[in-house]
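Number of protein chains: 2
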Amino acid sequence: MGFTNKIRILKVDLSSGQISREELSEEVSKKFIGGRGAGTYLLNSLLKGDEDVFSEANPLIFATGPLTGTAAPTGGRYMVLCKSPLTGLVACSNSGGHFGAELKRTGTDIVCVVGKAQEPVYLYVDDDKAELRSASHLWGLDTHKTTAILKEEAGAESAKVACIGPAGENLVRYACIINDLHRAAGRSGVGAVMGSKKLKAIVVTGATRPEPSDHDKFMETVKARVKTLQENPVTGQGLPALGTKVLDNIINEHGAYPTRNFQTGVFESTDEVCGEALVEKGYLKKNRGCYACPIKCARVTELPSGNKGEGPEYESGWALGAAAGVKDLIAITEANYQCNLMGLDTISYGTTVACAMELFEKGLIKKDELEGGPALTFGSSEAIVFYAQKTAYRQGFGDKLAEGSLLLAKGYGAEEYSMSVKGQELPAYDPRGVQGQGLSFATSNRGGCHVRGYLIAPEILGIPEKLDPQSTEGKAQWVKIFQDLTAVIDSMGMCLFSSFALGAEDYLAILNAFTGFDYSLDEMMECGERIWNLERALNRRFGMAPGADTLPKRLLKEQMPEGPQKGHTVRLDEMLPEYYELRGWDENGFPKKETLERLGLDA
Amino acid sequence: MGFTNKIRILKVDLSSGQISREELSEEVSKKFIGGRGAGTYLLNSLLKGDEDVFSEANPLIFATGPLTGTAAPTGGRYMVLCKSPLTGLVACSNSGGHFGAELKRTGTDIVCVVGKAQEPVYLYVDDDKAELRSASHLWGLDTHKTTAILKEEAGAESAKVACIGPAGENLVRYACIINDLHRAAGRSGVGAVMGSKKLKAIVVTGATRPEPSDHDKFMETVKARVKTLQENPVTGQGLPALGTKVLDNIINEHGAYPTRNFQTGVFESTDEVCGEALVEKGYLKKNRGCYACPIKCARVTELPSGNKGEGPEYESGWALGAAAGVKDLIAITEANYQCNLMGLDTISYGTTVACAMELFEKGLIKKDELEGGPALTFGSSEAIVFYAQKTAYRQGFGDKLAEGSLLLAKGYGAEEYSMSVKGQELPAYDPRGVQGQGLSFATSNRGGCHVRGYLIAPEILGIPEKLDPQSTEGKAQWVKIFQDLTAVIDSMGMCLFSSFALGAEDYLAILNAFTGFDYSLDEMMECGERIWNLERALNRRFGMAPGADTLPKRLLKEQMPEGPQKGHTVRLDEMLPEYYELRGWDENGFPKKETLERLGLDA
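Protein chains in written order, with the working numbering: chain A, 2 to 604; chain B, 2 to 604.
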């Protein structure tokens with residue numbers, strides 16, 4: 002089977018056990034590209050809006066893009082979509098590794114799971130064969146044991162596994178889905194929805210190569226971009242050498258490295274936990290790439306204890322480190338391993354612990370609530386490791402941590418200490434030092450997130466050009482463009498990191514050479530805009546409150562206390578109205594009727 | 002073969018490869034009991050005094066006592082003697098587990114190793130068969146891998162292994178010998194002497210039960226003492242429930258829990274690292290006993306990472322914890338595992354790191370000397386784990402740590418920060434809060450040590466009666482009696498912990514029932530005195546300096562800064578002259594001629 006312009010869906014109803022196949026029309030496929038776009042289209046068609054996140058009605062959509070599993074550099078991505086248990090809004094978590102490419106090789110673009118199984122099951126897909134199998138023997142196991150057993154059962158080394166750990170089973174609101182042992186569809190709690198369906202895993206093995214509409218043109222287009230990536234200093238040198246942790250020192254020196262639950266933007270022990278330290282201390286063994294990736298930013302690590310794994314990457318290392326004031330790189334790395342084993346999103350876990358540490362140090366959480374667990378003091382290397390399993394199994398205080406920082410803090414009447422947007426915890430940039438990133442955080446459809454418009458690139462790294470991070474001028478337009486282009490890249494099935502070196506025209510060339518759809522640049526960017534608006538329209542149906550496009554009070558009202566960004570807050574009010582205007586949205590942050598019509602959306 | 006009144010020696014010359022058997026006369030056997038006493042007798046006969054510790058001439062003596070391997074409660078001990086690489090003085094390290102009892106079952110009381118092998122070897126003893134085998138395939142391996150392979154090669158589950166890890170191979174001055182995976186002949190660097198001989202391990206398996214001179218009398222005597230141990234609150238309840246870590250809170254509340262290299266005697270985070278915390282946090286899985294032990298103080302533990310092992314016990318937990326200001330019980334436990342794998346003495350390793358931390362914080366050790374390793378700041382959980390392997394392999398700064406705190410501190414012209422006596426690091430009691438223990442530390446023949454007269458028993462625990470810990474009156478006499486009785490207990494092959502419940506008369510009854518030697522109480526205690534004096538005489542030959550019976554300046558001159566013992570120093574000068582007088586020693590601390598003659602010593 003070669004390339005088809007119709008997106009192929011494998012539909013699995015866990016309640017009835019029925020498995021069927023569907024296609025999206027060529028028109029829809031062109032309008033939404035695939036991946037995140039097509040998945041959002043499906044969400045829109047399947048959900049009224051008021052469904053409970055853990056109900057049978059909430060679909061769980063595994064979506065590849067047209068470039069997933071092809072020779073396109075970084076073309077190994079897949080996405081998981083549903084209504085999020087963490088935010089109640091759209092969830093779309095993106096992961097690399099090899100699972101997505103293998104799923105594509107079964108001849109399926111999207112797996113759409115609905116309903117709920119009575120007993121634990123897993124979905125086995127071998128080319129055009131698909132079946133549900135019992136997973137009773139896997140329930141309760143961590144992601145590595147689960148993966149090992151399933152690869153054994155598949156009998157094929159080429160079989161790829163995406164699964165949940167105990168965190169997903171126990172409906173931790175930020176449970177992730179782990180594929181290929183170390184890659185995560187990490188954020189927004191997609192693993193908890195999988196757990197609620199008693200779907201332990203999806204195993205895929207296929208032999209169907211996706212074929213581009215024009216093979217020679219595609220290969221030529223791709224080859225040139227691989228060279229661009231290899232020659233670029235960020236994707237050709239920085240990321241291969243130090244991984245994303247090349248950022249620790251850069252962001253800390255900028256004064257925007259959030260420390261101790263965003264109480265400051267300078268971490269005094271960055272030199273102990275940075276990417277360079279991971280090398281110097283000997284924990285980094287080698288780097289590893291996802292499918293078809295020339296960058297290879299993943300870190301293969303080993304600790305003095307002999308424990309091995311991958312990571313920590315920049316965000317994880319920060320969330321389990323500076324966010325909680327932890328400066329022990331062994332503990333950070335071990336906590337990262339634990340999160341992967343348990344199937345916990347590292348960012349939300351680490352920052353929820355950080356929030357709990359502030360509540361503990363302020364006397365709101367009492368020692369006896371911890372039921373013998375380590376004190377939640379900032380800097381406790383033991384606490385950051387200890388509570389990972391407790392959270393995944395919802396034991397002791399872990400049961401409260403499992404709800405995420407917003408519900409945790411609300412429980413103590415102290416919502417302001419949850420450093421989250423729309424219920425999802427913020428990542429590793431203090432926006433008081435990066436105004437455009439602040440707007441991007443505030444307006445992200447899935448809540449606090451750095452991969453929905455990475456303004457750090459222009460505002461700190463100078464990619465594609467250097468912007469003044471403390472200026473708010475023109476940032477609305479930059480954010481809009483970044484958000485739309487990101488939606489395109491995600492939907493194509495390529496990795497956002499390729500955009501350190503590639504521009505919109507490169508993506509256009511790759512997309513056209515593969516699909517033959519012959520998009521214009523404007524048409525392609527409009528796809529991104531369409532997806533962004535459909536997500537926002539869905540969020541409105543899901544009950545997103547007017548005024549939700551905001552930031553934690555600390556970032557808007559408390560001046561950064563020290564460092565290069567001392568004295569600054571995020572001046573969101575200088576950017577948000579302009580952003581709404583550019584988006585064609587009303588003053589509550591929702592698309593106007595004419596905007597939806599212009600984009601051909603019925604939502 | 003039943004009981005013999007002649008101590009049976011298996012003599013192994015690694016230089017020539019010859020293995021032979023000898024016996025000590027009945028007279029010598031009675032005068033020195035066995036174990037530590039008989040081993041010291043052998044040291045005295047084999048060494049002139051000025052031999053280099055790593056020369057062929059330094060013997061390595063594995064000695065059991067007459068009660069080792071019998072039904073006597075706690076009768077599972079063996080000792081390793083040599084001239085110490087850490088102190089240059091007598092070394093006698095005592096260990097439990099099952100190795101000693103199995104060695105006895107081969108029909109041998111003492112293995113005396115001399116010479117050096119050209120290539121790595123191990124000694125295999127199966128009853129009366131003994132042979133040297135190549136250990137080239139084991140060199141470089143940790144103690145657990147080594148043990149597993151050797152048990153496999155022995156083909157008998159009953160085979161017991163004592164071996165060194167990389168620390169012993171690399172002549173770390175406080176390398177230990179590990180038997181039964183988790184038990185250590187820990188102190189004074191006996192593992193380094195084993196490494197210098199290229200002797201990787203001793204494997205023993207035997208079927209010869211030691212027979213008492215009067216079986217019925219012995220069994221009756223023993224049975225009564227087992228009951229005593231079981232009914233005693235310390236040996237029947239405290240130690241079984243919490244192990245030696247029952248002491249953390251007791252010693253800290255007394256204000257004598259040495260913290261941050263003995264800068265204070267109160268650790269603010271004791272509740273996070275104490276024995277109770279090990280239970281509450283769920284790391285303690287069960288307790289385990291050595292051969293013939295009704296106390297079962299050993300801790301079987303498991304960390305959230307899945308790593309398993311034994312310990313930490315009180316001393317190890319303190320040395321890897323409060324001594325270095327570390328409050329992370331996971332890191333403490335992991336560092337303990339690492340020390341066992343590497344074959345490092347936990348006390349000397351932890352306190353040498355603590356010394357390095359003080360040198361680092363005082364600016365004497367510079368960051369760039371650490372070659373990328375974690376900063377040596379007090380409280381660094383990462384450092385305490387990280388440097389264990391570095392020390393064992395003598396990599397980077399580990400090469401300096403491998404020399405012990407005294408040589409380390411001297412290298413920076415700051416000897417006063419080595420908290421050691423005669424070159425061996427002090428254990429977990431600040432003597433500014435326990436005067437008699439201070440005298441015991443100062444006069445110990447093997448340097449800083451808590452098992453050469455445990456005055457903590459009367460001064461803090463009230464066993465056998467409560468003494469005022471700040472009084473110096475009568476302490477010299479207490480110390481002498483405790484030192485002598487300890488020498489007896491060690492030499493018998495019983496565990497010092499039995500003395501929490503048993504008194505001198507109990508040991509006399511057990512010893513007489515087994516040997517038939519019909520000692521009087523005075524004769525038995527004189528054996529202890531004889532052993533103590535022979536050790537001291539040997540130390541003189543080894544070059545011990547006059548005035549070496551002292552304590553680090555900090556403990557003599559700096560007042561305890563806080564807590565219940567605030568304002569105190571050790572008033573050693575109020576006790577030492579009286580002690581020398583009672584011992585029959587001169588003002589330099591050496592036995593007078595008439596003292597040696599009275600004890601029948603020719604040394």
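There could be a bad hint or two in this list.
Quick list of simulated restraints, FRET-style, between CB atoms [to be verified]:
no., chain 1, residue 1, chain 2, residue 2, range
1, A, L408, B, P562, 27 to 35 Å
2, A, G412, B, K297, 36 to 44 Å
3, A, K368, B, P465, 35 to 43 Å
4, B, K367, A, K368, 35 to 43 Å
5, A, A149, B, K224, 50 to 58 Å
6, B, P562, A, K309, 37 to 45 Å
7, B, G307, A, T209, 36 to 44 Å
Below, in silico cross-link-like pairs of lysine to aspartate or glutamate (DMTMM-like), each with a Cα-Cα straight-line distance of 25 Å or less [said to hold, decoys possible]:
no., chain 1, residue 1, chain 2, residue 2
8, A, K367, B, D523
9, B, K130, B, E158
10, A, K309, B, E372
11, A, K367, B, E269
12, A, K224, A, E417
13, B, K363, A, E417
14, B, K286, A, D400
15, B, K367, A, E277
16, A, K286, B, E158
17, A, K367, B, D272
18, B, K287, A, E417
19, A, K152, A, E254
20, B, K368, A, E277
21, A, K297, A, E527
22, B, K368, A, D369
23, B, K367, A, E254
24, B, K286, A, D369
25, B, K31, B, E221
26, B, K286, A, E370
27, A, K368, B, D507
28, A, K363, A, E277
29, B, K368, A, D507
30, B, K228, B, D507
31, B, K593, B, E582
32, B, K594, B, E579
33, A, K368, B, E158
34, B, K7, B, D217
35, B, K594, B, D51
36, B, K287, B, E303
37, A, K146, B, E212
38, B, K12, B, D129
These are computed hints drawn from the structure, not numbers from a lab.
Quick caveat: nothing in here was measured; it's all calculated off a predicted structure.
From the three backbone atoms N, C-alpha and C, an ideal C-beta is built for every residue, glycine too.
(message) Check the hint pairing B/K593 with B/E582 against an upper bound of 25 Å on the C-alpha distance.
(response) At roughly 10 Å apart (the allowed maximum being 25 Å), B/E582 and B/K593 satisfy the hint.
(request) Compare the distance between the alpha carbons of B/K31 and B/E221 with 25 Å, and conclude whether the hinted pair is satisfied. (result) 23 Å, holds
(message) Check whether the Cα positions of A/K309 and B/E372 lie no farther apart than 25 Å.
(response) Holds - the C-alpha atoms of B/E372 and A/K309 are around 23 Å apart, at most 25 Å.
(request) Starting from A/K286, check that the Cα of B/E158 is at most 25 Å away, please. (result) 37 Å, violated
(message) Holds or violated: A/K152 and A/E254, Cα atoms, limit 25 Å.
(response) Since the Cα atoms of A/K152 and A/E254 sit roughly 44 Å apart, the hinted pair is violated (cutoff 25 Å).
(request) Evaluate the given range 35 to 43 Å for the C-beta pair formed by B/K367 and A/K368. (result) Hint holds: Cβ distance 39 Å, inside 35 to 43 Å.
(request) For the pair supplied as a hint, B/K287 and B/E303, confirm whether the alpha-carbon distance does not exceed 25 Å. (result) 10 Å, holds
(request) Given the hint that B/K367 pairs with A/E254, test it: the Cα-Cα distance must not exceed 25 Å. (result) Measuring from Cα to Cα gives roughly 23 Å; hence the hint holds.
(request) For the pair supplied as a hint, A/K367 and B/E269, confirm whether the alpha-carbon distance does not exceed 25 Å. (result) At roughly 18 Å apart (the allowed maximum being 25 Å), B/E269 and A/K367 satisfy the hint.
(message) The hint says 36 to 44 Å between B/G307 and A/T209; measuring C-beta to C-beta, is that right?
(response) The hint (36 to 44 Å, Cβ to Cβ) holds, given that B/G307 and A/T209 are roughly 39 Å apart.
(request) Go ahead and decide if the range 35 to 43 Å is satisfied by the Cβ distance of A/K368 to B/P465. (result) With Cβ atoms ~38 Å apart, the hint holds.
(request) With a cut-off of 25 Å on the C-alpha distance, tell me whether A/K297 and A/E527 pass. (result) It is violated: about 31 Å lies between the C-alpha atoms, which goes past 25 Å.
Violated hints, in rising order: 1, 8, 12, 13, 16, 18, 19, 21, 22, 27, 28, 29, 33, 37; the structure is consistent with all others.
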